[in-house]
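Trainee: Protein chains in written order, with this note's numbering: chain V, 1330 to 1615; chain U, 1330 to 1615; chain L, 1330 to 1615; chain R, 1330 to 1615.
For the record, the hints were derived by calculation from the structure and aren't laboratory data. Be careful, since some hints might not be right.
Identical copies look the same in the list; a pair holds intra-copy or inter-copy alike.
Keeping only pairs whose Cα atoms sit at most 25 Å apart, straight-line, the calculated BS3-like set for lysine-lysine is [what the hints assert, rightly or not]:
| # | residue 1 | residue 2 |
| --- | --- | --- |
| 1 | Lys1418 | Lys1534 |
| 2 | Lys1393 | Lys1427 |
| 3 | Lys1371 | Lys1583 |
| 4 | Lys1582 | Lys1344 |
| 5 | Lys1582 | Lys1371 |
| 6 | Lys1386 | Lys1534 |
Number of protein chains: 4
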Amino acid sequence: MTDNTAILLIHCPDKQGILAAVTDFINVNKGNILYLDQWVNKEEELFFMRVEWDLGKFEIPREKIEEYFATLIANRFAIKFNLYFKDIKPRMAMFVSKMSHCMYDILARYSSGEWNVEIPVIISNHPDLGHVAEKFGIDFKYFPINKENKDEQEAAEIALLKEYNIDFIVLARYMQILSENFTRSYPNAVINIHHSFLPAFVGAKPYHAAHARGVKLIGATSHYVTADLDAGPIIEQDVAHITHKDTVEALIKKGRDLEKIVLSRGVAKHIEHKVLAYSNRTVVFD
Amino acid sequence: MTDNTAILLIHCPDKQGILAAVTDFINVNKGNILYLDQWVNKEEELFFMRVEWDLGKFEIPREKIEEYFATLIANRFAIKFNLYFKDIKPRMAMFVSKMSHCMYDILARYSSGEWNVEIPVIISNHPDLGHVAEKFGIDFKYFPINKENKDEQEAAEIALLKEYNIDFIVLARYMQILSENFTRSYPNAVINIHHSFLPAFVGAKPYHAAHARGVKLIGATSHYVTADLDAGPIIEQDVAHITHKDTVEALIKKGRDLEKIVLSRGVAKHIEHKVLAYSNRTVVFD
Amino acid sequence: MTDNTAILLIHCPDKQGILAAVTDFINVNKGNILYLDQWVNKEEELFFMRVEWDLGKFEIPREKIEEYFATLIANRFAIKFNLYFKDIKPRMAMFVSKMSHCMYDILARYSSGEWNVEIPVIISNHPDLGHVAEKFGIDFKYFPINKENKDEQEAAEIALLKEYNIDFIVLARYMQILSENFTRSYPNAVINIHHSFLPAFVGAKPYHAAHARGVKLIGATSHYVTADLDAGPIIEQDVAHITHKDTVEALIKKGRDLEKIVLSRGVAKHIEHKVLAYSNRTVVFD
Amino acid sequence: MTDNTAILLIHCPDKQGILAAVTDFINVNKGNILYLDQWVNKEEELFFMRVEWDLGKFEIPREKIEEYFATLIANRFAIKFNLYFKDIKPRMAMFVSKMSHCMYDILARYSSGEWNVEIPVIISNHPDLGHVAEKFGIDFKYFPINKENKDEQEAAEIALLKEYNIDFIVLARYMQILSENFTRSYPNAVINIHHSFLPAFVGAKPYHAAHARGVKLIGATSHYVTADLDAGPIIEQDVAHITHKDTVEALIKKGRDLEKIVLSRGVAKHIEHKVLAYSNRTVVFD
């Protein structure tokens, strides 16, 4: 498998001929299409597409593809697009607090080379998990946060993220709400794991709420963070069956496995540039 | 398998010796225990138990078991209990409106002898599904309901249910809210199917709401109906994965299979006397 | 939703330009594409595609589409294709024996208009389920089969199927193995439900085998029937969790719900022309 | 929650009065029962039970419980039993080869205190994962194995396991078959993860076999290792849905999440003394 590929994520109003125009642009310039998935939202008349092609013999130089595609195709169809290169790894920062299960799951994947990503820094509002970051040789930055210093600390975090050239952030059970200002700085680039099948049990303590309500399933949801708490575009969800025998503690324990898998699935999709968020929903390509 | 069995459903404050006392009561009187399941809610200190035994050689006559058990055991431990005999089939009424999938699923099971139940009557607020009832040779009673006649029609329905000696009611996608008066007349004896993983998307049009929110799972919930809409004790829940490609129509279609299976599972558990509702939750025995 | 649409199922060796050529053929002739899904098997270099378009303004008359497509496109790319029209309902025969759960599930869907199909006849090697066919007003033909008369009876069945213009056959827990001659007459047009997650527990009595092995899951598989028993291309599979408490009888009971849902999902995909079988596997479009 | 508890795992031929006798033994001696689960295999007339009680006020001293229970109860009913104390952590050795996902999942749980276990040593037939063991501060012992030295190396491993007082072994994707002699030394004490839903795809390369067969689900199975390869008692199984689009590489990737979760669930049940193996099957208590 070559890594010398380009990936285009596209969405625009649906019109005849978009698919043909895009594939033609690639074919004519000697790009070999490795993957193509498209979907038309018939209700809202929107066209979505993800295409990946081999750049080995592609005649347009890398640094010109964006310009050429914009000029020749995108402008004609009012296409919004993002262009990625597979050999340029996205850079991720992880935010953690005191629970380590999601953190370990992500670091194990990272460490074994499962993911095409760089994780240069881990940020936390508690010092507790510094030793885990150290195990994996990753910088750990501690930002204690309270009502008084929140603005200031977030500003410092954002400065740090820029210093590390961070593309996206993963909240791995980070127990601190990001300010609207922060989330606006990273649109569709902050992934959170919520420990319920949203929109059930929004807010804190969803396992307690689930237990009190007597549900027979618990869930987890990975989603992009927006200013509206627990209401951002959903990437992945899954559930596990429970019974009356499960105490709140048992739910928390069972939930950990759900949380880490659902978060990691969402992060993997993001890393592979397979998620396209629009009007508070997502298109998740195969 | 003999049908000459008794089934006891028990709950009471947890104390030492309940389990031993109940099993001893059965053993000493020559009952052969076929099934026993018990569970202690440690948080609220409550004891729950379901036991079934062969009456073949049981020395207490059927009609005296309730009295003897109350006197000798239940009073001592403040036990609340229900006694059932397997060879006395519970009598069920089904309420339907215009959608037939849950109705067919239930009638197919009934007709093939899968369930130990009698279904002598089907009630509807629309005439549309009369032909289905007719196919299966079951009485079909049409009660058109509007704001003006609701009290009167419900009174007539309750009179009819008494006439048919109905033990419990199944709302098989019945699109009419029962009055508080009605639901109070059948505590933990009206089973509804809600087409969402409650408590997400309470109320009408949950598939529309799910689509608008962009969830990646749809669900269904069978529960006992209480005066508090969509908030009664949950018996069974399940979900199915969906994607961005699913329109509201696709959700409705996929949802039908969930609804019928989750409702039928809940009804089966009720028929087998394996559900015990308490403080808005259920214990569902294996 | 219009029913005046054409559906093309395509597969061929992968080459540059197929996707563009096919979509261009439709666009240029004023067909509005409603659905398009394609997939390239990179390992075997095979191209697969399903496309559906509105014929409202399509300039090639219906009866000429096959010829034009063959001449202009298919020959060029060595494409094998099947063309269907949505308003021509496929005609299905159902084969049953003594168990009714899959039969009822299919007839309920048929009767409520869920499926775009005609079911003019039900064939059985036992008379038991005639009354179910009668309930739904469908012809029921009884062909008792034993070693001596098998060839003759199958010949009579095939004659009957031709008389009814049957396109495909569904074995709804039909407990009689079809001869190689029979299955060869209906390639990728006989759908069976096997009550295990094939290839585990091939052959008869899979629930007994599953219980003996002590597995923690039971499964069901819908697949096309080939001369090689239980080895044909798989369309759909699903499983349910079980525990040590489940007896063989309990597995059979739980299995019924799996079987009917997995069979009906497979049949629905076939009816929608979304299944493409090749080298003993299937491509199942969304 | 106190850790000063005793856990009894019991099985014996079913007879009237066992349950009462066991609970009475505990009650009379002032043990407070915290957990009780029992099950009767009616087909084979076998009784199974797991009971855990608080030793705080228990009148029989710890070191005498085994003797008293044997004398007073077990002998009477031909009970086979195992007695455990919750505050005595079982000691586990992990065997690994080159794949790290199961190893990391286990070490993350261990490291965060999720499991009541000690893992003093990791054994491998390859040096590759030594750095992971080192991260977590656990001894790593490298035993290269080939046909010639296998007996000798296994003898050395067994000696090492004794030195470390190992109670049970977890094969975390250990790619070397243990000899019959080895597995006999640890009956129901070696847990393996097989990357298929056994008994489908026994042996090596199950993902390749699954892909070739065109199944729509992949699975994983955790089981006790016996002399009969891939045929030991199953503890946990689960599956994930796949499609025709998944290459063998994609199956391997998706399979990793299944493998680690299914193995860890099996190990957790073993650590909690909730698994009882008999005649090649398991009873897994809640």
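Trainee: Compare the structure with each hint and give your call.
Mentor: Structure-based check of all given hints:
1. Lys1418 with Lys1534: neither (35 Å within a copy, 31 Å between copies)
2. Lys1393 with Lys1427: neither (45 Å within a copy, 42 Å between copies)
3. Lys1371 with Lys1583: Only across copies: Lys1371 and Lys1583 sit 19 Å apart there, 39 Å inside one copy, limit 25 Å.
4. Lys1582 with Lys1344: neither (49 Å within a copy, 28 Å between copies)
5. Lys1582 with Lys1371: This pair counts as between: shortest inter-copy Cα distance 18 Å, intra-copy 42 Å.
6. Lys1386 with Lys1534: Neither. Shortest intra-copy (54 Å) and inter-copy (35 Å) distances fail the 25 Å Cα cut-off.
Hints 1, 2, 4 and 6, counting from the list given before, are not met by this structure.
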